[in-house]
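K.L.:
Please build the complex by placing chains B and C on the supplied structure of chain A, with the hints as guidance.
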Amino acid sequence: MDAYALSITQASELIAAGELSPVELTESVLARIEYAEPHLNAFVEVTADLAMIAAKAAEVEIAEGGYRGPLHGIPLGVKDLYETAGIRTTSSSKVRADYVPDTDSTVVQKLLGAGMIMVGKTHTHEFALGGVTPTTRNPWHTGHIPGGSSGGSGAAVASGECMVGLGSDTGGSIRMPAALCGTVGLKPTYGLVSRRGVASLSWSLDHVGPLTRTVRDTALVMDAIAGYERSDPASLDLVPQSYTADLDHHAGDDLTGLTVGVPSNFFFDDVDEEVDAAVRAAIGQLEFLGARVVEVTIPMAQYISAAAQLIVRAEAAAYHRRMMRASGDLYTEQVRRGILAGEVVLATDYIDALRMRTLVQREWSAMVIGAGVDVIAAPTCPIPAPPADLGTRTWASGLVEDLGRAVGRYSAPANIMGLPGLSVPVGLSSGGLPIGMQLMGRPFEESTVLRVGQAYEQTKATALPVLAL
Amino acid sequence: MSDYLTISDALDALRDNKITATELVQDAFAAADAVDSELGIYLARFDEQALAAAAEADRIYAAGDPAGALLGIPLGIKDIISTLEGETTAQSLVLDREWGAAIGDAVVTARLRAAGGVITGKLTTMEYATGVPDPTKPFPIPKNPWNTDYWTGGSSSGTGSGVASGAILGGLGTDTGGSIRIPAAFCGISGLKATFGRVPKSGCVPLGYSLDNIGPMARSARDCALMLNVLAGYDASDPCAAEQPVEDYVAGLTGDLSGLTIGLDRLALVYADRDPAIDPAIDAAVKALTALGAKVVDVTLPLWDELSAATRITSRSEAFAYHAPDLQSRWDDYFEATRQGVGAAVAFSGADYVQAQRVRRVGQKALAALFETVDLVITPTSSVAGWSLDELGSMTERFLAMHTGYFNAVGNPALVVPMGFNDIGLPLSLQVVGRPFDETTVLRAGDAFQRVSDFHLAVPPMMSSVAVA
Amino acid sequence: MSQLLPTDGPAAAEIDLPLSPEVTEPPGAPQLYDAGTLAALLRVADLTLTDEWQQKLLATVNDLEPALHRLRALDLGETPPATAFDARWF
Chain A
-14 MDAYALSITQ ASELIAAGEL SPVELTESVL ARIEYAEPHL NAFVEVTADL AMIAAKAAEV
46 EIAEGGYRGP LHGIPLGVKD LYETAGIRTT SSSKVRADYV PDTDSTVVQK LLGAGMIMVG
106 KTHTHEFALG GVTPTTRNPW HTGHIPGGSS GGSGAAVASG ECMVGLGSDT GGSIRMPAAL
166 CGTVGLKPTY GLVSRRGVAS LSWSLDHVGP LTRTVRDTAL VMDAIAGYER SDPASLDLVP
226 QSYTADLDHH AGDDLTGLTV GVPSNFFFDD VDEEVDAAVR AAIGQLEFLG ARVVEVTIPM
286 AQYISAAAQL IVRAEAAAYH RRMMRASGDL YTEQVRRGIL AGEVVLATDY IDALRMRTLV
346 QREWSAMVIG AGVDVIAAPT CPIPAPPADL GTRTWASGLV EDLGRAVGRY SAPANIMGLP
406 GLSVPVGLSS GGLPIGMQLM GRPFEESTVL RVGQAYEQTK ATALPVLAL
Chain B
13 MSDYLTISDA LDALRDNKIT ATELVQDAFA AADAVDSELG IYLARFDEQA LAAAAEADRI
73 YAAGDPAGAL LGIPLGIKDI ISTLEGETTA QSLVLDREWG AAIGDAVVTA RLRAAGGVIT
133 GKLTTMEYAT GVPDPTKPFP IPKNPWNTDY WTGGSSSGTG SGVASGAILG GLGTDTGGSI
193 RIPAAFCGIS GLKATFGRVP KSGCVPLGYS LDNIGPMARS ARDCALMLNV LAGYDASDPC
253 AAEQPVEDYV AGLTGDLSGL TIGLDRLALV YADRDPAIDP AIDAAVKALT ALGAKVVDVT
313 LPLWDELSAA TRITSRSEAF AYHAPDLQSR WDDYFEATRQ GVGAAVAFSG ADYVQAQRVR
373 RVGQKALAAL FETVDLVITP TSSVAGWSLD ELGSMTERFL AMHTGYFNAV GNPALVVPMG
433 FNDIGLPLSL QVVGRPFDET TVLRAGDAFQ RVSDFHLAVP PMMSSVAVA
Chain C
152 MSQLLPTDGP AAAEIDLPLS PEVTEPPGAP QLYDAGTLAA LLRVADLTLT DEWQQKLLAT
212 VNDLEPALHR LRALDLGETP PATAFDARWF
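Sequence order for the protein chains is A, B and C. All the letters of the first sequence, read from the start, carry residue numbers -14 to 454 under my numbering. All the letters of the second sequence, read from the start, carry residue numbers 13 to 481 under my numbering. All the letters of the third sequence, read from the start, carry residue numbers 152 to 241 under my numbering.
Chain A on its own, in the form it takes in the complex:
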């Protein structure tokens, strides 16, 4: 197997044993980038020279006995919303085309501190305001979108251009590209990972987290990036835990004792038949592994997305107020329209959306606790990756839906309630495009979500897409 295709767990064992050098690994990944990038365009900028310098430094450090841990020497792609010291951070927008930050965002700081090698900045849907990432294509079929907004990270991780892609998720932007590109993606609980230094779409709903190729790889990254920081108002000062240790502790266990809730409404409404079948089959696997499966009813489903919309619109309008007036022409039209619409949301409607959030949280927690549910399992997206020209689909309910919007229809609940949401690949459509299952846990119960995800993952073989280039 080429080094780029290894999981972090595999690669780090080889690196720790001195059987793989960070330089070889980085070279392998950079070669893969060179091969795939003309067709995917996952990166805003590839920082190959800096990566090689860092890889050589890591090699020396490890050779001298300074091994920092399982992320040391592992290649990282950073969504271009994350500030990187001395490296352009454009948010995939002409508005920020020349923006070079002085400092690293907290997550980047932590991962570089753990010894990761940054290979470049990955594309986002401009300012994270969309689920398409029009700059970038899906490695499973380059005629299709990778999803968004962390579409560059999704495409890069799936195709072997890096082992970790950083994402941000305000309305599904980690989970959607993970699902559509066939990677694992975790949106951690609101308040678990500091967002300092990541351009905001909506402070109330923004989350940051990783996309990786395996669940354990996600746990490795979470071990490094979770933690309190005062400068993120959402950040909570909690006792740190090791997600990897918890996974490894349960490695031999099945899922006996855990309860999986399967929604009877909202999450399977107007869903593609193949997505429906693949996710239900995966839930069947969870049951086979010993989990109790119960049906649950999603409370206030029709209000959740409405509240999320109003919150995002008002906060994005505030964030962009000055830039929009100074350089409105530099935004792409769809994003400009989206932000401008937020300018006319009334304060009182915005506040009511925030109040609704509290109400939904109460109802949802009552539902989960009442049913004794540990995780809720559902499709991540209603459809596999749509073609790049998007188009619409007419559902059985009569709903005619723009496919660029359709991909995000199941995302809002985990953002509104800040719950951990993990997307794991559960198969391919007949068109050869990945399908993702979304596992939503209780707040700060990342361990449980990861455990269920890993148990499922171990029931099936995974492979990187064969790039038909």
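Just so you know, the hints here were simulated from the structure itself, not pulled from any lab data. Since this is a predicted model, take the numbers as computed values, not measurements. Beta carbons: idealized from backbone N, C-alpha and C, even for Gly. Some hints could be false.
[To be verified] Rough simulated footprint, nothing fancy, chain C against chain B, three-plus residues with beta-carbon under 8 Å:
| # | stretch |
| --- | --- |
| 1 | 237 to 245 |
| 2 | 334 to 343 |
| 3 | 361 to 374 |
| 4 | 399 to 412 |
| 5 | 465 to 472 |
[Claimed, not checked] Using C-beta positions, here's what the derived DEER-type ranges look like:
| # | chain 1 | residue 1 | chain 2 | residue 2 | range |
| --- | --- | --- | --- | --- | --- |
| 6 | C | GLN206 | A | VAL329 | 18 to 28 Å |
| 7 | B | TRP343 | C | GLN182 | 23 to 33 Å |
| 8 | A | ASP238 | B | GLU68 | 28 to 38 Å |
| 9 | A | GLY357 | B | THR148 | 49 to 59 Å |
| 10 | B | TRP343 | A | ASP87 | 51 to 61 Å |
| 11 | C | GLN205 | B | ASP435 | 41 to 51 Å |
P.N.:
Below, chains B and C without anything else, positioned relative to chain A:
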């Protein structure tokens, strides 16, 4: 009026068997009987229940085991806070009386009761804790005991006039933009808005969710400390309650200010028509504080206009969201000032509201930087000693003259204490502000000042004709 | 819901806001509201008022306008709001 003006003195007298709780409560009711028709203190009195509670307190004192920090002390509750007895009306025709009935005692009411406090009744407020009196509505108009042509200030009006006139020894107020501190200032008593989150506010009708505080009003800072000891501390029923350790605020009253640096901002320029008695009173207070060991330095509170504006926009927008369901159907039932103040929030966009929340964060940072150089900040509570009820002035005039809203935006604790009188005998007030959750130092300074001054013990002339028990 | 946590010290790495007189000067922006805009906003808010009350409210709204300008004039960079949602259940 009773011989005992302060809670502290009354507790000593109770313990020394110089007076019984029954007598104390009877004295308080007698004072109320004499002046309430003129002053508009009570909306409802609980004579029977209060006398029963006093008798129970006397039984406990007689048994020689007087547990309960406020045992036998007559206390009044602003009528936007729920009590087991009577209705909670928010002094409004609109509020559903079932709301309070379903709650019974608010957390703070229960805490006062558990400490042996005798709840004498429900006190007048401005409707829904906002605005000014509306003579067309069927409620008492609160008048200032120092001059009944004058307004008490709002919105905790009855608590202010009740303490000043001896109808109660202490009581609860609420403060969203100054509603504890302003009536305390105008009525010549002490009042504390503790740090946001310090006192749980479940069971209190909200005005501005993110600005509201419940706090003590009494003659002295020491009395406020006694009450805060009972009121402070986390309760899960209030999502804004802070999980911060509580101190013994009475134990912190050392009378010694040596080593403290106090920043003075006279706020001389924010209101043109300043009462000429303010600055001499401040000079005298500075002299007293210096004699007590503090070093007083001139400071400028950062972002004064911006943070005052943030409180204004935030409170109106949040109030509109709360009142929206009734605003249309009960428009004419609301007080005129409520309609004006709350209705105006239609002008604010969601982005404006979000902007206000960001300004608050910038303000917290800027103020934290100032508090690295000083331990406390003092200001005049208001640039005027009040307004006559005939000339309440415009909303903006009142807003500019009263210097309290700024500290709701940032959340810091703020105590007001009397510091003299103007040329027509109306009280003047000093505001003492501390670091977040440092109520101890704030109260220490107020108490120390009151050990060398007696403004807080002055009795309004009208009370001299009221018989002493 | 939201929790306002007063800072225990300056939070790191947010923008350093210039507290210069230029920033805190009143911006003197044009008047935002007239009878027509207020009527439109009331319609958006689903609140129907008499003409007399619309007049009264217009005065209040104009009274508040400087506060709005004051806030809008401040360049907040990446500053997040002071409050945040708590995902924990009780």
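K.L.:
For every hint, state whether the structure bears it out.
P.N.:
Here is what the structure says about each hint:
no., hint, verdict
1, 237 to 245, "violated (count 0)"
2, 334 to 343, "holds (count 4)"
3, 361 to 374, "holds (count 10)"
4, 399 to 412, "holds (count 3)"
5, 465 to 472, "violated (count 0)"
6, C/GLN206 to A/VAL329: 18 to 28 Å, "holds (24 Å)"
7, B/TRP343 to C/GLN182: 23 to 33 Å, "holds (26 Å)"
8, A/ASP238 to B/GLU68: 28 to 38 Å, "violated (58 Å)"
9, A/GLY357 to B/THR148: 49 to 59 Å, "holds (56 Å)"
10, B/TRP343 to A/ASP87: 51 to 61 Å, "holds (54 Å)"
11, C/GLN205 to B/ASP435: 41 to 51 Å, "holds (42 Å)"
Of the numbered hints given earlier, the model fails hints 1, 5 and 8; all others are met.
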